[in-house]
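S.K.: Sequence:
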Amino acid sequence: MQTFKAGGCVVAVLLGLAAGSAFGQQMYRCKNGASTYVSDRPCPGSSDTRLTAYGPVKNAEPRPSYQPPLKKAPDHLRHLSAACAELNDAIRTAPARGVGRATQSDLRDEYQSKCQEDDEAARKRAMDDKRQQRDERKAEISARQAEQTRSAAAKEQCSELLRILSEKRKRLDAMTPGERSDHQRFETSYTERCK
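Quick note: the sequence shown uses my numbering, first residue 1, plus one each step.
Keep in mind that the hints were calculated from the coordinates and are not lab data.
Pair ranges (Cβ atoms, derived): (1) A82 <-> K124: 17 to 27 Å; (2) A82 <-> D106: 19 to 29 Å; (3) A82 <-> R150: 47 to 57 Å.
Result set (BS3-like, lysine-lysine): computed pairs, CA atoms no more than 25 Å apart in a straight line: (4) K72 <-> K114; (5) K114 <-> K71; (6) K71 <-> K130; (7) K124 <-> K114.
C-beta atoms are modelled at their ideal positions from N, C-alpha and C, and glycine is treated no differently.
Kindly produce the complete structure, drawing on both the sequences and the hints.
M.R.: Right, dumping it as structure tokens:
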């Protein structure tokens with residue numbers, strides 16, 4: 001029985017503390033002439049009253065703010081007129097700058113009415129630029145491949161010429177003066193082409 005009373009007291013104390021902290025108790029600091037006293041009720045009549053609170057104070061928890069990512073500038077932006085490029089940039093960066101939805105909608109409407117033709121032309125120029133760059137890359141790759149093919153063919157020719165020269169050198173002693181002259185021209189040609 002004794003244990004239950006002690007446990008009951010603990011429960012009562014805990015409930016009292018919980019109720020006090022839940023309702024946020026208030027106190028009044030009152031002045032009466034030169035003296036100051038504290039009361040749990042409002043100060044009477046003409047005396048100066050200041051309200052203070054005690055108990056747990058709720059701290060305002062900082063709310064995580066959503067920062068939308070800044071969109072990448074479109075490829076055709078550099079082909080727009082200055083005014084349209086500025087409007088396009090304003091629309092693109094509006095969410096990151098915290099601009100309201102109504103203002104963003106107004107910006108889009110203004111862009112649509114003032115810059116539609118300029119935007120279409122700028123997009124076409126940007127596509128033409130990409131196409132030209134792609135064509136240049138293809139031409140560069142083709143030229144590189146053609147050069148590699150030429151180089152491989154030349155190397156193969158030189159290998160064959162060297163094989164023929166080696167065979168002729170073995171018979172150099174048995175050659176006639178005309179054959180030796182041909183051999184000399186052949187060797188000069190090999191040296192110019194392959195070394």
